[in-house]
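Colleague: These are the residues of each chain, in order.
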Amino acid sequence: MKASGPVQLVAQLRDLQIVDREGANCGIVDDIELAGKPGETLRIKALLVGPGGYSGRLPGWAMALVRRIAGSGCIHVPWDEVESITSVVRLRCKASEIGLARGEGRARRWLPDIAVLK
Amino acid sequence: MKISELALGILTAVGGFVDVSELVFMSQAGSRFGYALIWVVVIATVGIMVFGEMSGRVAAIAKQPVFSMMRHRLGLKLGLVTLIASFISNLIICAAEIGGVALVLNLLTGGPYWLMAILATAAFMASVWVLPFKWIERSYGLLGLFMIVFIVALVAIHPPWGEIGRAMVPHIPAGLSGRDLLAFGYFSVALISAVMFPYEAYFYSSGGIEDGWTAKDLGINRLTTIVGFGLGSLLALSLLASSAQLFGPAGISPDLVGTAALQAAVPFGKTGLLLALLGMLFAISGAAIETCLANAYSLCQFLGWRWGRHRPPRDAPRFTLTWLAVFALALVIVLSGVQPVQLAEYAVVTSILVLPLTYLPLLLLAGDRTYMAAHTNGVLAKTLGWGFYVLVCLAALAALPLYLITSGGTL
Chain A
1 MKASGPVQLV AQLRDLQIVD REGANCGIVD DIELAGKPGE TLRIKALLVG PGGYSGRLPG
61 WAMALVRRIA GSGCIHVPWD EVESITSVVR LRCKASEIGL ARGEGRARRW LPDIAVLK
Chain P
1 MKISELALGI LTAVGGFVDV SELVFMSQAG SRFGYALIWV VVIATVGIMV FGEMSGRVAA
61 IAKQPVFSMM RHRLGLKLGL VTLIASFISN LIICAAEIGG VALVLNLLTG GPYWLMAILA
121 TAAFMASVWV LPFKWIERSY GLLGLFMIVF IVALVAIHPP WGEIGRAMVP HIPAGLSGRD
181 LLAFGYFSVA LISAVMFPYE AYFYSSGGIE DGWTAKDLGI NRLTTIVGFG LGSLLALSLL
241 ASSAQLFGPA GISPDLVGTA ALQAAVPFGK TGLLLALLGM LFAISGAAIE TCLANAYSLC
301 QFLGWRWGRH RPPRDAPRFT LTWLAVFALA LVIVLSGVQP VQLAEYAVVT SILVLPLTYL
361 PLLLLAGDRT YMAAHTNGVL AKTLGWGFYV LVCLAALAAL PLYLITSGGT L
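Here the protein sequences line up with chains A and P, keeping their order. With the first letter of the first sequence counted as 1, position 45 gets the number 45 in the numbering used here; the numbers rise by one all the way through. With the first letter of the second sequence counted as 1, position 196 gets the number 196 in the numbering used here; the numbers rise by one all the way through.
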């Protein structure tokens with residue numbers, strides 16, 4: 001059976017780059033949260049971003065390793081915030097408004113404020 | 001784009017083509033098998049031209065960096081395996097380059113190897129942090145052009161041009177023993193790997209995306225990959241041919257990075273030696289920075305973080321922390337005492353294992369009309385692309401057994 005329609009959309013969405021309103025990279029679609037019950041139409045509820053989104057996609061031992069190294073945090077990006085899907089997923093909002101790319105701020109604290117030549 | 005800009009870009013590509021693995025393997029291959037492996041370098045050069053052009057075209061049209069498309073095309077599991085393998089391989093190459101720079105500095109100044117490695121790494125970190133990337137790329141690339149002395153030296157020692165020309169036709173020399181045949185196979189795989197290092201594709205395509213390439217830049221992309229890589233390969237070939245002419249008959253096995261510089265010293269004395277060492281210093285330094293940044297690109301693109309060498313370091317903090325950590329780790333490897341030549345051997349073996357996984361998503365995306373529209377692979381790119389893909393798969397399968405059986409070509 002070949003994937004088509006919504007199933008294919010889900011397959012194409014996974015592992016796509018996410019870009020916020022200002023064009024900044026802010027994560028990858030690590031998994032997708034679906035909503036719906038048996039007999040109802042499934043719909044995408046949110047995009048999952050972060051190592052927590054890997055569970056179910058990696059073998060148990062690999063997932064345990066990922067948890068040890070990177071934790072199991074996961075941000076739920078509401079589907080309504082998705083503006084368009086091309087070769088990237090573009091959001092309507094800024095990354096910081098939905099808790100994405102917080103790691104950039106944490107990393108910045110480690111870096112000295114040394115001037116650069118332009 | 002102005003002609004001068006284009007010429008500068010091509011010259012930078014030429015000066016930045018040769019790295020420590022090529023210096024080591026070209027010299028060793030020439031010394032052991034004469035001109036017989038020239039055809040392997042020629043084929044591998046066409047291979048890097050094909051994949052380089054393709055990665056630049058994908059960057060210009062689909063705006064997809066290699067590791068982003070790799071994860072999307074191969075999925076999380078296989079993508080993660082590729083990321084880890086490629087990270088380790090690039091880290092080893094980066095360590096080999098830092099070790100190579102330290103050896104050259106040791107020859108130039110007489111300072112201790114370990115101190116030269118620390119100073120070189122500190123200088124790389126400072127220059128990547130402070131200087132605009134165009135300056136770094138241009139200065140290391142253009143100063144690497146001192147290596148042209150190797151081409152001039154080859155002409156000066158009057159090699160048998162007819163024999164060199166005939167060696168461009170694929171052949172296996174007659175009369176090789178079983179051991180020599182295996183070593184010939186090992187050196188063939190090592191040369192393919194050294195010329196087609198995967199970091200070159202990551203680095204080149206990421207640069208294209210950052211520079212905002214569009215369909216208008218496809219001509220420049222083609223020229224840079226064909227002319228730049230082609231002339232760069234001539235530099236590498238001159239190392240092999242000089243070694244075949246000078247070291248082979250004298251029974252010298254160039255097991256040290258610095259031995260290659262003697263090829264220029266034979267016809268030109270001290271001046272030749274100095275120019276060769278300076279060329280090697282800047283070419284290897286450029287490669288150290290490229291491999292380090294290639295690792296930062298891979299990790300950030302795989303995880304969707306901000307990345308970019310044109311951004312100030314604090315604007316892409318995780319990218320910056322990654323390249324700083326890669327430099328530090330590579331320095332630790334160098335200071336652990338593993339010799340650069342040994343590192344170069346590990347580098348070519350691990351890199352060839354990564355090549356098939358790197359180039360598959362690139363081939364798939366470059367042939368996908370949905371993303372590439374009118375710029376999808378034509379008949380020539382498709383044929384050459386898949387042809388070289390089969391070649392790198394075969395080389396990857398043979399690499400580890402050949403390395404183990406021949407003890408790294410010393411059998």
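Warning: the hint list may mix true and false statements.
Straight-line alpha carbon distances no greater than 27 Å define the calculated DSSO-like cross-link-like pairs of lysine-lysine that follow [to be verified]: (1) A:LYS94 with P:LYS63; (2) A:LYS118 with P:LYS63; (3) P:LYS216 with P:LYS77; (4) P:LYS63 with P:LYS270; (5) P:LYS382 with A:LYS118.
If you're looking for bench data, these hints aren't it; they were derived computationally from the structure.
Colleague: Each hint: holds or not?
Modeller: Evaluated hints:
no.	hint	result
1	A:LYS94 with P:LYS63	21 Å, holds
2	A:LYS118 with P:LYS63	25 Å, holds
3	P:LYS216 with P:LYS77	36 Å, violated
4	P:LYS63 with P:LYS270	48 Å, violated
5	P:LYS382 with A:LYS118	41 Å, violated
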